[in-house]
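Model the placement of chain B on the given structure of chain A, informed by the hints.
Number of protein chains: 2
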Amino acid sequence: MVRELTILKLGGSSITKKDKLFTPNVNAINRLAGEIKKARVKPLLIIHGGGSFGHPVAKKYKIKEGYIAQTQLQGFSKTHYAMVKLNRLILDSLIRRGIPAVTIQPSACIVTKNGRIKYMEKRPLINLLEIGVIPLLYGDAVIDLTKGFTILSGDQLASSLAVNLNARRIIFGVDVDGLFAVDPKLDSTAKFFKQLSLNQLEKLKRSLGESDVTDVTGGMRGKILELAPAIQRGVPAIIVNAAKPGRIYKALKGKKVIGTIITAR
Amino acid sequence: MVRELTILKLGGSSITKKDKLFTPNVNAINRLAGEIKKARVKPLLIIHGGGSFGHPVAKKYKIKEGYIAQTQLQGFSKTHYAMVKLNRLILDSLIRRGIPAVTIQPSACIVTKNGRIKYMEKRPLINLLEIGVIPLLYGDAVIDLTKGFTILSGDQLASSLAVNLNARRIIFGVDVDGLFAVDPKLDSTAKFFKQLSLNQLEKLKRSLGESDVTDVTGGMRGKILELAPAIQRGVPAIIVNAAKPGRIYKALKGKKVIGTIITAR
Chain A
1 MVRELTILKL
11 GGSSITKKDK
21 LFTPNVNAIN
31 RLAGEIKKAR
41 VKPLLIIHGG
51 GSFGHPVAKK
61 YKIKEGYIAQ
71 TQLQGFSKTH
81 YAMVKLNRLI
91 LDSLIRRGIP
101 AVTIQPSACI
111 VTKNGRIKYM
121 EKRPLINLLE
131 IGVIPLLYGD
141 AVIDLTKGFT
151 ILSGDQLASS
161 LAVNLNARRI
171 IFGVDVDGLF
181 AVDPKLDSTA
191 KFFKQLSLNQ
201 LEKLKRSLGE
211 SDVTDVTGGM
221 RGKILELAPA
231 IQRGVPAIIV
241 NAAKPGRIYK
251 ALKGKKVIGT
261 IITAR
Chain B
1 MVRELTILKL
11 GGSSITKKDK
21 LFTPNVNAIN
31 RLAGEIKKAR
41 VKPLLIIHGG
51 GSFGHPVAKK
61 YKIKEGYIAQ
71 TQLQGFSKTH
81 YAMVKLNRLI
91 LDSLIRRGIP
101 AVTIQPSACI
111 VTKNGRIKYM
121 EKRPLINLLE
131 IGVIPLLYGD
141 AVIDLTKGFT
151 ILSGDQLASS
161 LAVNLNARRI
171 IFGVDVDGLF
181 AVDPKLDSTA
191 KFFKQLSLNQ
201 LEKLKRSLGE
211 SDVTDVTGGM
221 RGKILELAPA
231 IQRGVPAIIV
241 NAAKPGRIYK
251 ALKGKKVIGT
261 IITAR
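The listed protein sequences derive, respectively, from chains A and B.
For the first sequence, this note's numbering begins at 1 and goes up steadily by one.
For the second sequence, this note's numbering begins at 1 and goes up steadily by one.
In isolation and in its complexed conformation, chain A is listed as follows (with noise of 0.2 Å):
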């Protein structure tokens, strides 16, 4: 049984070029290698999205809808084989600083049916944490059993596995700092909250109108949705923006950070 679980959701665009196809953004994975090494949370479990490293080649080959052409299995491979190589340079850096990091390979330990979690194996990464091992996951494509295979998300990971290992926490580094009234890209003026509850969110959602679901989250609404079975098991969710120095770091200490809260009630 692992205790006190923190787990960091690292978002593909903190630390990847968003716009420039497989191009890392090596400073930010630096400087969040480094905030990790300094905080020295443990047990930790990191996973980290796929940016301008597997979203292109799993939409280019359509690897979320699923196996309809022998020509996609090209595309599997080279879709996981780009998270590979994301991957590797997140690894990198956390070992450079002597961080004991071991990859944990999605698509080799879960199946999912229908996109959802239905498998997976847990027993390495438990006793991977229990030994004093940082676990590196990532959003990856898997087998499906309904469509053949599938695009995993890092946040449906870290969702799945906050509630299964009963995580005390999820922190989620994003490129905004937090959850505002209105997307602060279109309003800079929108409100900003620090905590906010499901049910509020909830509410705000149909007070603004399905159309402007979207907004309300600054375009982090599938990502709340995701996190939502967790939040209401209990596991409170912290959404900071990684791509601001030190925020990660003082998420990970616990410190006052600006950043969202978002609670179950």
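Simulated from the structure, these hints should not be mistaken for lab results.
Check before you lean on any hint, since a few could be wrong.
Unchecked claim - Subject to a maximum C-alpha distance of 30 Å in a straight line, what follows is the list of computed DSBU-like cross-link-like pairs (lysine-lysine): (1) 42/A x 62/B; (2) 17/B x 203/B; (3) 60/A x 37/B; (4) 17/B x 59/A; (5) 122/B x 118/A; (6) 42/A x 60/B; (7) 113/A x 42/B; (8) 38/B x 244/B; (9) 37/A x 85/B; (10) 250/A x 194/A; (11) 85/A x 17/B; (12) 60/A x 122/B; (13) 37/B x 147/A; (14) 18/A x 244/A; (15) 42/A x 42/B; (16) 64/A x 122/B; (17) 85/A x 64/B; (18) 253/B x 59/A; (19) 118/A x 113/B; (20) 85/A x 60/B; (21) 18/B x 85/A.
Quick look at chain B alone, frame taken from chain A:
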């Protein structure tokens, strides 16, 4: 259910430069990827060893001996990372040739007990084979229920998967032509075995005495011992020289090739 599976094990000495730390044999890797491409054998599963990547790091930190001191955690991380680096070179070479290969990280889906495979989540692997993807595995640093962690050899993995997936055959790529009565590196006139049963091998060992056991197999006793469970269950193994161009191709195609076939009786 996967039918007629071929398992190809590539020894570390055939894909790395044995005596040079972290030095891949890039020419050999590319040539072998070409032979695999040309043979077009499916379903196919590939396993590779560690050579000058995994072994030196594992040895330095005594990973095989299990978890004794916290300083080993970085060694565990580094051993796995060394294998990831080597694996990526092979994966890259396969993908560049249009082979839909996907790595399956052994330490993500296998737990050993006192050095022997205790659990393995095989669903992703089996499903990949079923849709036509070629899984690529390797010897790895894994979680061990008795020792904390240990090294799982590619040989044990090959044998275990051959039994569990009811493989048609194991092709064992090494850096000698096959099995000799005495080590061919010591005696160039050594008798060569084209075919050998496990019983004959046993007798041979006894007639020569235990001290000569290593020589009997040209330094490959451990490998044969690992393969024995699969061979006993009726999965023939052919030992061929992966360093000699065309041998792996011929073995994959089922063509006549210099090598030693080992059968149950």
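Hints versus structure:
no.	hint	verdict
1	42/A x 62/B	24 Å, holds
2	17/B x 203/B	34 Å, violated
3	60/A x 37/B	24 Å, holds
4	17/B x 59/A	38 Å, violated
5	122/B x 118/A	14 Å, holds
6	42/A x 60/B	26 Å, holds
7	113/A x 42/B	26 Å, holds
8	38/B x 244/B	16 Å, holds
9	37/A x 85/B	23 Å, holds
10	250/A x 194/A	15 Å, holds
11	85/A x 17/B	23 Å, holds
12	60/A x 122/B	28 Å, holds
13	37/B x 147/A	27 Å, holds
14	18/A x 244/A	16 Å, holds
15	42/A x 42/B	44 Å, violated
16	64/A x 122/B	22 Å, holds
17	85/A x 64/B	28 Å, holds
18	253/B x 59/A	36 Å, violated
19	118/A x 113/B	26 Å, holds
20	85/A x 60/B	26 Å, holds
21	18/B x 85/A	25 Å, holds
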